[in-house]
Amino acid sequence: MTPKAKASEELDERIQGALQAANDKKALDLVVLDLREIATFTDYFVIASGNNERQVQAISDGVFEKLKKSGTAAARVEGYQSAEWILLDYGDFIVHVFSDKARKFYDLERLWRESKSIALPPEFGGESTSFLRDES
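The opening residue of the sequence shown carries number 92 in this note's numbering; numbering runs sequentially from there.
Please keep in mind that the hints were generated in silico from the structure rather than gathered at the bench.
Just so you know, even glycine gets a beta-carbon here, dropped at the ideal spot from N, CA and C.
One should not assume that every hint holds.
[Stated by the list, open to error] 20 Å max Cα-Cα, derived EDC-like pairs, lysine to aspartate or glutamate:
no. : residue 1 : residue 2
1   : Lys160    : Glu175
2   : Lys159    : Asp115
3   : Lys157    : Glu169
4   : Lys195    : Glu144
5   : Lys160    : Asp115
6   : Lys207    : Asp152
7   : Lys157    : Asp191
8   : Lys157    : Asp180
9   : Lys160    : Asp191
10  : Lys207    : Asp183
11  : Lys192    : Glu128
12  : Lys192    : Glu175
13  : Lys116    : Asp191
14  : Lys192    : Glu144
[To be verified] Now the in silico label distances, taken between C-beta atoms and shown as ranges:
no. : residue 1 : residue 2 : range
15  : Lys160    : Arg204    : 15 to 23 Å
16  : Gly162    : Lys192    : 18 to 26 Å
17  : Pro213    : Glu169    : 30 to 38 Å
18  : Ser173    : Pro212    : 14 to 22 Å
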(Lines of atoms letter the chains of each structure in order from A and count residues from 1; the text may use other names and numbers.)
(Lines give C-alpha, C1' and ligand atoms only; values in the text may rest on other atoms or scores of the structure.)
Protein backbone atom coordinates (compact mmCIF):
# COMPACT_ATOMS: atom_id res chain seq x y z
CA MET A 1 0.00 0.00 0.00
CA THR A 2 1.40 3.39 -1.00
CA PRO A 3 -0.03 6.30 0.99
CA LYS A 4 -0.80 9.52 -0.84
CA ALA A 5 -0.16 12.95 0.60
CA LYS A 6 -1.35 16.39 -0.47
CA ALA A 7 0.93 18.13 -2.95
CA SER A 8 0.42 21.57 -1.46
CA GLU A 9 1.51 20.41 2.00
CA GLU A 10 4.44 18.28 0.90
CA LEU A 11 6.17 19.95 -2.03
CA ASP A 12 8.40 22.97 -2.04
CA GLU A 13 8.31 25.63 -4.75
CA ARG A 14 11.13 24.09 -6.77
CA ILE A 15 9.31 20.79 -7.20
CA GLN A 16 6.08 22.61 -8.00
CA GLY A 17 8.07 24.62 -10.57
CA ALA A 18 9.42 21.41 -12.11
CA LEU A 19 5.89 20.01 -12.32
CA GLN A 20 4.58 23.21 -13.91
CA ALA A 21 7.40 23.29 -16.47
CA ALA A 22 6.85 19.63 -17.37
CA ASN A 23 3.11 20.19 -17.63
CA ASP A 24 3.68 23.22 -19.87
CA LYS A 25 5.54 20.90 -22.28
CA LYS A 26 2.63 18.44 -22.22
CA ALA A 27 4.41 15.80 -20.13
CA LEU A 28 2.45 12.62 -19.60
CA ASP A 29 1.78 10.70 -16.38
CA LEU A 30 3.38 13.10 -13.90
CA VAL A 31 4.20 11.39 -10.61
CA VAL A 32 6.00 12.55 -7.46
CA LEU A 33 7.42 9.96 -5.08
CA ASP A 34 8.41 10.88 -1.52
CA LEU A 35 11.54 8.86 -0.71
CA ARG A 36 12.47 10.58 2.56
CA GLU A 37 11.70 7.55 4.72
CA ILE A 38 13.43 4.96 2.52
CA ALA A 39 16.39 6.63 0.76
CA THR A 40 19.33 8.78 1.80
CA PHE A 41 20.51 10.08 -1.59
CA THR A 42 17.45 12.25 -2.35
CA ASP A 43 14.06 13.20 -0.92
CA TYR A 44 11.80 13.13 -3.99
CA PHE A 45 11.53 11.76 -7.51
CA VAL A 46 9.56 13.71 -10.08
CA ILE A 47 8.71 11.33 -12.94
CA ALA A 48 7.31 12.30 -16.34
CA SER A 49 7.03 10.85 -19.83
CA GLY A 50 7.12 12.19 -23.36
CA ASN A 51 5.79 10.74 -26.61
CA ASN A 52 9.08 10.96 -28.52
CA GLU A 53 12.74 12.00 -28.20
CA ARG A 54 12.01 15.60 -29.10
CA GLN A 55 9.30 15.92 -26.45
CA VAL A 56 11.43 14.18 -23.80
CA GLN A 57 14.20 16.73 -24.47
CA ALA A 58 11.70 19.61 -24.51
CA ILE A 59 10.31 18.57 -21.12
CA SER A 60 13.77 18.35 -19.58
CA ASP A 61 14.76 21.68 -21.19
CA GLY A 62 11.63 23.30 -19.78
CA VAL A 63 12.30 22.03 -16.26
CA PHE A 64 15.99 22.96 -16.45
CA GLU A 65 15.29 26.51 -17.68
CA LYS A 66 12.42 27.23 -15.26
CA LEU A 67 14.43 26.14 -12.25
CA LYS A 68 17.57 27.91 -13.46
CA LYS A 69 15.60 31.17 -13.77
CA SER A 70 14.43 30.76 -10.19
CA GLY A 71 17.99 30.23 -8.97
CA THR A 72 18.14 26.44 -8.80
CA ALA A 73 20.77 24.77 -10.95
CA ALA A 74 20.93 21.05 -11.65
CA ALA A 75 23.99 19.42 -10.12
CA ARG A 76 23.99 16.83 -12.88
CA VAL A 77 22.16 16.08 -16.13
CA GLU A 78 22.41 12.63 -17.69
CA GLY A 79 20.93 10.96 -20.76
CA TYR A 80 20.11 14.08 -22.75
CA GLN A 81 21.54 12.89 -26.07
CA SER A 82 19.75 9.54 -26.09
CA ALA A 83 16.51 11.12 -24.82
CA GLU A 84 15.24 7.77 -23.56
CA TRP A 85 15.74 8.63 -19.89
CA ILE A 86 16.92 12.11 -18.93
CA LEU A 87 17.86 12.62 -15.30
CA LEU A 88 18.09 16.10 -13.76
CA ASP A 89 19.67 15.86 -10.31
CA TYR A 90 18.87 18.75 -7.97
CA GLY A 91 20.21 17.08 -4.83
CA ASP A 92 17.14 16.79 -2.65
CA PHE A 93 14.98 15.93 -5.65
CA ILE A 94 15.62 14.23 -8.98
CA VAL A 95 13.57 14.76 -12.13
CA HIS A 96 13.29 11.71 -14.42
CA VAL A 97 11.93 12.29 -17.93
CA PHE A 98 11.33 9.07 -19.86
CA SER A 99 10.23 7.93 -23.26
CA ASP A 100 7.17 5.72 -22.84
CA LYS A 101 9.19 2.59 -23.66
CA ALA A 102 11.97 3.40 -21.17
CA ARG A 103 9.49 4.27 -18.42
CA LYS A 104 7.79 0.91 -18.78
CA PHE A 105 11.13 -0.89 -18.86
CA TYR A 106 12.70 0.78 -15.81
CA ASP A 107 9.39 1.13 -13.92
CA LEU A 108 10.65 3.37 -11.11
CA GLU A 109 7.20 3.47 -9.54
CA ARG A 110 7.37 -0.31 -9.00
CA LEU A 111 11.03 -0.27 -7.98
CA TRP A 112 10.32 2.40 -5.35
CA ARG A 113 6.85 1.11 -4.41
CA GLU A 114 7.61 1.53 -0.70
CA SER A 115 7.70 5.31 -1.20
CA LYS A 116 4.78 7.66 -0.67
CA SER A 117 3.11 8.86 -3.86
CA ILE A 118 2.17 12.54 -3.64
CA ALA A 119 -1.36 13.31 -4.83
CA LEU A 120 -1.15 15.88 -7.61
CA PRO A 121 -3.81 18.47 -8.43
CA PRO A 122 -5.99 17.98 -11.50
CA GLU A 123 -3.96 20.42 -13.62
CA PHE A 124 -1.07 17.94 -13.38
CA GLY A 125 -3.25 14.95 -14.20
CA GLY A 126 -4.01 14.09 -10.58
CA GLU A 127 -7.20 13.90 -8.64
CA SER A 128 -8.47 16.40 -6.12
CA THR A 129 -6.00 17.00 -3.30
CA SER A 130 -8.63 18.05 -0.79
CA PHE A 131 -8.08 14.91 1.28
CA LEU A 132 -5.48 12.29 2.10
CA ARG A 133 -6.11 8.80 0.86
CA ASP A 134 -4.38 5.48 0.65
CA GLU A 135 -3.68 3.92 -2.73
CA SER A 136 -4.05 0.17 -2.90
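Hint numbers the structure violates, sorted upward?
-> Violated hints: 1, 6, 7, 9, 11, 15, 16 and 18; rest satisfied.
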